[in-house]
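Colleague: Listed below are the residues making up each chain.
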Amino acid sequence: MAAISRALITGVCVISLAACSSSGDGGEEPAATGGPLRIGAILPHTAYAGAGEALVSAVDVAIDDINAAGGVLGAKAELKQADSTDNNDTASQAVDSLVTWGADVVIGAYGSGMSGAIVGKITESGALQVSGSNTSSSLTGINPLYFRTAPTDALEAAKLADLVVQDGHATAAIIAQNDAWGQAFQESMVSSFEAAGVEIVAQQQFNTTDTDYSAQIDAVVAAKPESVVLLSYASYSGSMIESLVGTHGFTAKNLYLSNSTLGKYTIKPSLLTGLRGFLAGPDPAVEAEFEKKLLAKNANLKSFAYAASTYDAVVVSALAATAAKSADGKAIGAKMSAVSGATEGATKCKTYQECADLLKQDKAIDYDGLSGGLKFATNNDVTETEYQLYVYDSAGTYAVAK
Amino acid sequence: MTPGKTRLTAVLALACALLVPAGPALAFQADEWGFRGLLRDGAKQPVSGAVVEVRDDGDDVVGTDTTDAKGRWEVIPVDGPGTYTISIDTSDATGHFAGDTFEVDKELVESPSTLPVLNVVISTTESTQQVASFGDRFAQRAVSGFNLGLLIAIAAIGLSLVFGTSRFTNFAHGENVTFGGLMGFVLAYLAGLPLLVAAGIATVLGAAFGYAQDVTLWRPLRRRGVSLVTLMIASIGISLAIRSLYQFFFGNAARGMTAESWGTVTLGPVVLPATSYASMGISVVVLVAIGIWLKYGRIGKATRAISNNSALAATSGVDVDRVTRIVWTLSGALAALSGVLLGVFNQVSFDMGFNLLLLMFAGVILGGLGTAFGTLAGSIVVGVCTEILVLWIPADMKYVGGLAVLVAVLLVRPQGIFGRRERIG
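Chains as they are written, first to last, in this note's numbering: chain A, 1 to 402; chain B, 1001 to 1425.
With the rest of the complex left out, here is chain A (with noise of 0.2 Å):
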């Protein structure tokens, strides 16, 4: 008996040696320079409608350039796609299984809530977390290791009050989804509308499991404001737009909708005609280009937000790691903002394949990617955003304002 124990015992120390050093060739080890990067991406394939299906098309595009230009420390990058779904559970176990692969780059999460509750566990296990979609301002700065190329919600109130004041109005209320999110840019929103000088009359949050919302409308038009601001995703805002354009007689000039709130409805057409709100993203040449490519991976996509910072999410990282010479985490978290612009008088470079030339012969760069100029602040949020102002057409479909 205590030899069949012992043997067993000896089995499992062996199996388990074996497993640690299998793990130990994955790149996690920062004296292996070399080895090939990994790249884990945690994105939701199916839920959130299918919105963040587009952002894994993008992390596919984006690693297809970077092997098509020779890949990252003379390897190709590796890349492993986990499904985040929309629960943070389920999440958690998916970062589970990137880590025991040695991933040394983590793309996502697309929900910025998700993203705060799995950052500590991505960053514990060394490796660089990189969103390309998430916009809450209360992850500023939440980990060294952690970098977004999606701009905060501050920056876009900003553009959101820019816009209210070029419109006339001076007074204006607030309806915000009652979640870190919506809260988060209610309080952008609010500091952008007080630097402005236009007057807050009313402010009513709602939670996304009420039967409806007529209690929040009923007190924005009873305070009679010149423009409204709608802070909630899409799948919230349908009855709240109806209400508001079809009953109460807002209209495209003084109703204004925030990045979430652009979206597909099943409401009258004509309800959404003209509607404004900014979402970060390339100028429409680009955005074209780069839409083909997605759609060669993925025929059914629909809606393209977050996929252009999602793609530059991953180049800036693989560029990181070559700058870097390491597919060490934290070197690569290091070389960043490096390769981004902070450096004086780098060289500005657009793709993958044109970067890595210039870093081959030692030179400092600037990558400018798909999503406009792209630069970290010290807080390691992204900078140089471009905005384009999307407008709805009579068909209830939204395109960049010409």
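Simulated from the structure, these hints should not be mistaken for lab results.
Values in this document were obtained by computation on a predicted structure and should not be read as measured data.
Backbone N, C-alpha and C define an ideal beta-carbon position, used for all residues, glycine too.
Treat the hints with care, as some may be off.
[To be verified] Quick look at which bits of chain B chain A covers, simulated, 3 or more residues with Cβ under 8 Å:
| no. | stretch |
| --- | --- |
| 1 | 1035-1041 |
| 2 | 1242-1256 |
| 3 | 1346-1356 |
[Claimed, not checked] The list that follows gives simulated cross-link-like pairs (lysine-lysine, BS3-like), each with its CA atoms no further than 30 Å apart:
| no. | chain 1 | residue 1 | chain 2 | residue 2 |
| --- | --- | --- | --- | --- |
| 4 | A | Lys253 | B | Lys1301 |
| 5 | A | Lys224 | B | Lys1070 |
| 6 | B | Lys1301 | A | Lys224 |
Position chain B against the provided structure of chain A, taking the given hints into account.
Modeller: The following block gives chain B in isolation, referenced to the frame of chain A:
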């Protein structure tokens, strides 16, 4: 300020600029800083011909401009971030306030979350905009609350009748409401049927759904003599399972039920879409019909008899099984109808019925468990209180108000508004 002092400031500023380390600190450096904006009076009229002057913190004039016909002035460039005073002289301006001067301090900050050129709006007079009076707001909320109350009532009466005949609270009743909403979406939006036709078909399908539930689940369970607590827990399980199924097919997003629009009705201070009045009309007709049926109809009377004393009703010749099945069918139909109306009122989502379930329970309990007329009264009280109390409490806490009323009433009348005292204990 003397010229010498200005030079000193400039030298200091230069020294500071040189001392600031290069790199990230320069990350936000914009090419252009400045102020542009809009000058208007409280009645939204633009103020044209006013002189706008921007001064820096040393009180030196940085730039000036004159507002145009639209009350607008174009970018007045400044050197960089800092606090500036915008002063406005309306001596030569057109308008009834001409001659006044205004001064506003504004700060330009170097940060990734602000714009380097700040667009400011300055009002020369207090806003003349009147907010809606309390009476107007109260009227609007009361009508909204009545509408919500009727919606809850239609859904909750089914719940109450099922409790009366089957003696257990069906936690899966919210899913019957969602079923109606989803069917409405499929018929009205996807199949493009007129809203009323879609509502009718959805109600019939809801009846079939209720009937199917009784035949396949509840009757076999009743026949085996499963205890009421077990039935209740089974209904929680079924609720979860059906909801997950809805989520799988419909997804997480909430969607509008129809692109159809019936226009807006304005009655004094109350502005509501026409569909809301139609919904209230349908609800009242259906509720009156149910009331008459319960009071005078043969099956209706039998239903009340079973609610009172199931064993006695059975010995008096009432076919309890048959009546129970009819009640389940009716309950499914009513729930589906309320789902369609709720979908028109707000939106369709996979958990819309579940979110309404708490309010349905509140209505049922407030009225007195198992009494159909009590449920009607209780639901309307819950709906109206929920919607009216938001005049005093934040709207995202509105259920707190409605449910506090429930607790308050139960403290005084533990049996509910219409419940009979002898039932307790």
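Colleague: Now tell me if each hint is right for this structure.
Modeller: Hints and how they fare:
{"no.": "1", "hint": "1035-1041", "in the structure": "holds (count 3)"}
{"no.": "2", "hint": "1242-1256", "in the structure": "holds (count 6)"}
{"no.": "3", "hint": "1346-1356", "in the structure": "holds (count 7)"}
{"no.": "4", "hint": "A:Lys253 to B:Lys1301", "in the structure": "violated (58 Å)"}
{"no.": "5", "hint": "A:Lys224 to B:Lys1070", "in the structure": "holds (22 Å)"}
{"no.": "6", "hint": "B:Lys1301 to A:Lys224", "in the structure": "violated (52 Å)"}
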